[in-house]
Every structure is written in structure tokens, then in C-alpha cells.
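Trainee: Chain residues, written in single-letter form:
Number of protein chains: 2
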Amino acid sequence: MLEAAEVGNKLDKKTFRKAAPKVRTALLEVQKRLAGTSLAPIIVVGGAEGAGKSETVSLLLEWMDTRGIETNVVWEPRDEERERPEYWRFWRLLPPRGKIGIFFGSWYTRPIVDHAFDRIDAATFERAMRRIRDFERLLTYETGPVLKFWLHLSRAQERKRLKQFAKDPRLRWRLHKNAKKYFQHYDDFRPVDEEMLRLTNTGYAPWTVVEAADDEYRNLTVATTVLQVLEEAVAEAEARARATRPHKPPALPKPKRANVLRNLDLAKKLSQKQYDQRLGAAQADVGRLTRKLAKRERALLAIFEGPDAAGKGGAIRRLTGGMSPYHYRVIGIAAPTDEERAHPYLWRFWRNLPRHGRVTIYDRSWYGRVLVERLEGFARRDEWQRAYDEINEFEEQLSEGGVIVMKFWIAISADEQLRRFKEREVTPFKQYKITEEDWRNRAKWEGYEAAACDMIERTSTSVAPWTLVEGNDKHMARVRVVETVRDRLRKEL
Amino acid sequence: MLEAAEVGNKLDKKTFRKAAPKVRTALLEVQKRLAGTSLAPIIVVGGAEGAGKSETVSLLLEWMDTRGIETNVVWEPRDEERERPEYWRFWRLLPPRGKIGIFFGSWYTRPIVDHAFDRIDAATFERAMRRIRDFERLLTYETGPVLKFWLHLSRAQERKRLKQFAKDPRLRWRLHKNAKKYFQHYDDFRPVDEEMLRLTNTGYAPWTVVEAADDEYRNLTVATTVLQVLEEAVAEAEARARATRPHKPPALPKPKRANVLRNLDLAKKLSQKQYDQRLGAAQADVGRLTRKLAKRERALLAIFEGPDAAGKGGAIRRLTGGMSPYHYRVIGIAAPTDEERAHPYLWRFWRNLPRHGRVTIYDRSWYGRVLVERLEGFARRDEWQRAYDEINEFEEQLSEGGVIVMKFWIAISADEQLRRFKEREVTPFKQYKITEEDWRNRAKWEGYEAAACDMIERTSTSVAPWTLVEGNDKHMARVRVVETVRDRLRKEL
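Protein chains in written order, with the numbering used here: chain A, 408 to 900; chain X, 408 to 900.
Calculated directly from the structure, the hints in this document are not laboratory data. None of these values were measured; they are calculated from a predicted model. Don't take every hint at face value.
One copy or two, it doesn't matter: identical chains are merged, so the pair holds either way.
In silico BS3-like links for lysine-lysine, alpha-carbon gap of 25 Å or less [said to hold, decoys possible]: (1) LYS881 with LYS429; (2) LYS425 with LYS588; (3) LYS587 with LYS567; (4) LYS506 with LYS837; (5) LYS587 with LYS699; (6) LYS898 with LYS702.
Please put together the full structure from these sequences, using the hints given.
Mentor: Shown next, in the form of C-alpha cells:
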């Protein structure tokens, strides 16, 4: 791909000056329309040192309304970033809907540099490129176009540029401190760049390789490409918004007669004495083990799903019983805030990831996407259908980043739920736990069962398996949860 | 104050067990009501090592709904915190309305330790205590009660506790790594603690000093105090919410006949040639100087206020013209997001503070509180009246934290505004800049003038003075802005 950008494309200043005002007005116009859509376009600017990355972006910022653009520079990770999975730093910089995010340095930087310097092998590099494809696909689906510009210089052009920059005090500072070193490795970088372009030049997020030696050509090419992509995307988003039909919940899925949930033996019980003994011992172990997390550069993320009144809250309280309040946080899923709605649905979970040494516990989780959002029609069919993959990829990233992911489904029978609902209605300090919505959800019991089985089937991975917990007996369920966490921590730490 | 907590308060286990269920149910009940109010109570837990801080909070977490509580541990600052004013780390941990924030380690920790070890003198310590009073007053006004518990042990009791903890492997980890060292300095800490309590035991945020040697007494004292304060605060907040009357904008203030704005000579002009020359030179200087910010551990925060069409956007574009896109961000003030509304009004500015080496430019700013919010009645009288102090305190903190604060008021005459409004209505790429609201604001010209004069008078401080810019001639205004920034940067760097 790079050779095609060494053909000598140029633009004279007069042509540029003639074209500029039109492009500028159109960019402002489309940016104003963009502000009213659900799009949050991303612009990635990569390429050779001295190729004019910052000049090009300066022009865009000059032409457009900077108040709607967030420019991000991603170099060395900060300490809070090092204590979390790699992509945490990118997720936290994603622009909200209606704005544009520009990235200097991006998810491409580390794998390219590492591979060019032989710090990672081809297979690891390819794996990093696959991760990028997954990430950009998710962004494209969720918040619109990912524009990627690669500003290319031939070896001779780059040498010339670097010399020119080095001589001129007004330009010198623009070079990255490693520019010279990188140029000495031009021949190591070039095949890696080619491979990167090949592996990530996808249909949904294609690269625009720009011949960068001529300023006017480069600037106008980038500006017109941005204009064209935004105009298309905004027009589509506006059409989609107009076409929105009144909300209608989908038909409920039916569970298979035999399934993993029905297979559970819900009659299992534990005596008070056994319960006290085993719970106390396991809690002490969990408390001790969670204090080891920091030293091992690990974190724990435990999520709880299951029908209303399954006993999630009670199990969570027993799990945290042995932990220091310094270490854990419990997050209950409520309606997303508007900032959360302004980002892809996984953003709210990325932003709350525990850092090394910490425990985060979710009472309900990202699986809402394929449970309540699927069943109530809050997510479109294509959205929940792709969510399984997105979630598996998310949990794989967490796991690679040192987060131990534990997922509990607490199962109860429909009869047991009814018994507990009735009990809640008459117990003063439990009344707040039962609402109209609980009864409405109960009416969809079989739909939820089917969706849960789909979910368990599609998201039980080796790094983050589901633990199905027999929940009719609360003693049983709580001991099971705390002991399972203990066993996993023992194994991992 | 501390001696009063060495009188031997105790509670037998039986009394505790009898009282506990009632307190627990009431805490859950008030927490549930709290979720529906605009309150975000803060609980600070301080005191001796081994006094049972984490045990006390564990009990609160066990008794209440952890999903509505954010527990924060504040020890050593992280790199992103070190690159910003000290209180940034506290602001970013403030809970949203409806939730409770618990702080282990807090704004008290650093000054107490520094003073006990003689790293800061009495005057600096008193200054830190004043800052705390300002902070807690603001929190109390804005988001409700700040509860502060000091768990106290006498010298003998603390010695006994530390020995007991050191012997028991199940307790040992609970001690801070400096616990022993701190105990050796018991006599240095004690007078500092006393002084701290005296200086910060305010009416709006009083301390509860708790005799901590007896677990049951300590736990029940804290729990009942939390219960009582929350019940009062929630009842008040509910009553306030019920009493809300339909919104009615206040009467507009009248400007004085002679005032700082009318004193400006708006006829000043600059020729195109002078403009090009001076602007280009100043831009280059500003570009060069902003690159120095990082090395000097400084940041720049420039805000722009002024009537609609005063030319704020144009001035900002000229100011950033010489800067690298790596370094600056322009933020336009739109309606706050719901997460921003869920925090004190200054929170949205704290969260976006530039770190060392960076420039943040605001097109409108926190001064909206005493301009549009005052004039439109979005802020109550008591709210905008105390805002001047709060803002001065905010800017003082920024300045101490290495942020260079620059404030520009771009002034134009009413006639010039009218001319520009009309021009905007007929220029295609400027039409987006003019709305109905602009015409409505224009009708209140004199009110805005009076409010601006009040603001300039009350918030022109030595660390962050206002620069009044004659804006009828755009050349004049832009050169003035860029040169003023250059001169300030030269002086500071």
C-alpha cells in the first residue's frame, strides 16, 4: 500500500487556496449537523516522523469548531493506566456522541514499535491487529466512523524532512524525541507498517494512506476525506433517526425443555452449623487472598446475575464480609447516565474497572445487553446478537490485563421466587426491594430463562466461565459463591 | 477535645445487639430516601492507627446498601494527581447526588502528617485548615452534610492495640505500614490533632470525636450519628423540594453610570499591517512558550467571557494558532450533563483541569454562575452571592497548583453587537452562530453589564486578574489577547 503513496502527488498553492474556503464551510456545516446525531467519529493520525501529523491536525482545528473536537495524545502510559488492561486508556478518551476525537498515537503505536524492534513476534503482532479490528468494528457499529490517516514519506523524503526540521529552531521541537532513532530503523518499520495496513484496512474502518511530502496535497486530501466520510455518516444517522418507529418489544424466546438451568438440583441444602463453619472459614480466606492482589498486580471483578430475589445482594454481602473496606466496591446497575449513553454500552464498565489490588463487584452487569435489553427491545436485534462476541473480547482483555473475572448466575425456581416476593411484601425492611417491575419481569420468566441459557452457552469461556449457583437454599448459594471465589483466588495468586 | 474522649465509654454486647436491628433498619430506610434527593453526603473517618476505622466502616457497609456508597482510600498521590492542584484528587472522588462517599485518608491527612513531622510551620498548617473549611462549606451548601469522625485512643490504649494487632496474623495487615513510626510520634501528633479539630470543628461540618477503645460503643456511636445527621438532612431536602416554587427570573441589576466597562476606549484600532506583524510574532512566542510549560511543571488555563458576538471564538482561534495541537484543548460551555448536575457546579471545571504542560481554553466558564445563572435565576440569590468567594478560592488553588489562570473579558458596544448580529444573519458560514437566544440576551444588555462589573470587581485577584479587552476592532482584540498571554507566560516561565 505504501508504494502507491510515493508517486509524487502535489498541489500548487493557488489550487489549494481556491478549494480551501469551500471545504472549510462544508466542514463547519457538517460538524454542526453532527452535533445533533448519535455519532462520535474517531480520527487516527499516524505515519512517519516529520510527515506533518500536527500540521494537518492544526489545519482541521483551525477550520472546524474546536469546541466539538477532543484531541488526544497517547504516549507512555500513566501509572493509573499501567494498573489496568491496556485498552482502558483508549476507552477513557473516547469522545461523547456529537463530538469528534482525534488521536495522535493510538492503539497502533505500541504493537508497531514493539514489532519493529523485535520485542514481539509475528503471531503476537497479528493478535494485536485482531484486537484492533474488534475494537474499531465495535466503535463503528456503536458510535460511527473511524477515520484513519497514514501520512507516508519515502526513505529519501523522510531523511530530507528530518534534516530540514533539525536545522530550523521553529520546527525542531515538533519531532518526537525518538525521531532520529526511528529513522535509523526505517527499513524495520516499513514492512511492519505494510503488514499493519494490510491487517487493519477493513471495510468498516479503511486506511487513507496519504503522500505527505507536499503540504498542500496532504492537507487538502485529509480535509476532503474527513468531509466526505462525515457527510455520508451524518446523512445516514439523520435518516436512521427519522425512520425510528415506535418501540415494540420483540417476541419472547422459548427455553429448551432440557437446559443448563433446569438441570440444576435446586433442592440442595446446607444446615445452619455447616453454613456458619464453611462461610466463616471461606470469608477469612477471601479476605486474606484479596490483600495479595496488589502485590501480584492482579484485580478481581465479580459479577452477579440471576432472577429478581435470587439472593444476589445477600451473596455479595457475604462475599465482602471478609474483605477490607479499603479494597472493594459494589456497583449496582441502574439506568445509565447521559454521559454513559453518549458512549458505547461497554464504556460504563470500562470506566469502573478495578485497578491492581482492588475488587469490583457488580450487582447485574454488561450482560444486561443480552438479557433485559434483548427481551425488552431496548437493544436492536443486531445489537444484542453481536454483543456476545464483544463481551467475550472484553473479558479476554480484562483477563490479559490481570483482572480475574468471575461470573455468577444464581438460579432459583419460579415457585421460590414467588415465595420470596410475598415474603418481601410483608417484611418492613425488605419492602423497598420489591417493585411493580419485579412482577412484570416475573411474567416473562420463560423468556429470561431462554435468554440466560443463550448467554451462558455463548459466553462461557476458559478465562471467564459462568458459575451456576443453586440458589433456592440461601445458605447453599452463599457458601458456594464465597468458596468459589476463594478457590479461584488460590489458583490465580 | 480529645480528653473528653478518654473517659471510658463502653457498651456491653447485649445492649449493642438489642439496639443494632433498629438502627440498621432505619439506616436502610434513610438511605433509600436519600437516593431521591439532591444530597451527596460525605463521611470522613480519621483518627489513631488501630482505632478501628476499617471495622467501623465495614459495619456501615454491612448494614447499609453498598451499591449506594463509594468508599475511597486516599494515600499517596498518583502521577496524574501530582500534575494537578492538590484538591483535584478529592474533587474527582466526590459522590454524585443520591449516594454517600466515605473517605479513609482525606484532605486532612497531608497537613496533619506534614505538621506533626515539622515539614510545614504553624502558619502553613492554619492556611491548610482554612482551605478545608472553605471546601467543606462549599460541599455542605452544594450537596449536603459532611460527617467527620475522629476515632480516638489514649496513648496507653493505642500502645495496647498495636501490640495486640502485631501479635495476631488476622489483624496485622490492618495496620498502616507507618503505624509504628506514627505511634512513636504520638506526642507530636496529639497537639496537631487538637489544633486541627479546633480549627475545623465548624458549625456546618462538626467533628464527632469518638472514644474508640470499646468496639461496640464506637460502632454504635458512629452508626447512630450517621443515622441522625442523614435523617435531618434528608427531611430538610425533601421539604425544600416540595416547597419549590415556579421559576421566576429575578429583577435585573442596573449598571452604574460610570464603570470599568464604560471606561474602555472601544474606538482603538489596528491596521491590517500592524495586525499581521504583531499577531504573527506573538503567536510564535506563545507557541514556543507553551512548549516550556511541561518542564516547569506549569499549566495554562485561559477563559473568555463577554457579550455574544464579542469575538471570543475568533480570539481563541488566534491564540491557539501558534500552539501545537498536542498541547491545547478548547472547551465550550454547553448545558451541564446529568453527571455534572449531580455534583457541585465547580466540579465540571475541576474534572477538566489541564495537567502540567497542557493548555485548556474555555469559551465561557465558571463565571456563568454569576452572569447568566444569576440573571436568569438558574442560581438562587444565596448561591450566586457566595460564588465569588468560591471562585476566588478555586483560582487560588489552581494558581498554587502551578496553573497560570488568565481571564479575558472581551468588551464590545451594544451598537457593534447589533451590527455583528445582522452580519451573521446574512453570511452563510456564520449563520449557525446566531440564535433566538442571542436576541433575548441582547434585550438584557444592561443587566449583563451590571453583573459583569460586579464580577470584575469581586474576582480581580492578584493571582488571577481580569484582562478587559477593547473588542470593537477585532484586530485590536486578538492582538491584545495573544500578546497578553505571551507577556504573562514570559513572566511566569
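Trainee: Hint by hint, work out which the structure violates, then give me just those numbers in ascending order.
Mentor: Checked against the structure, the only hint that fails is number 2, while the rest are satisfied.
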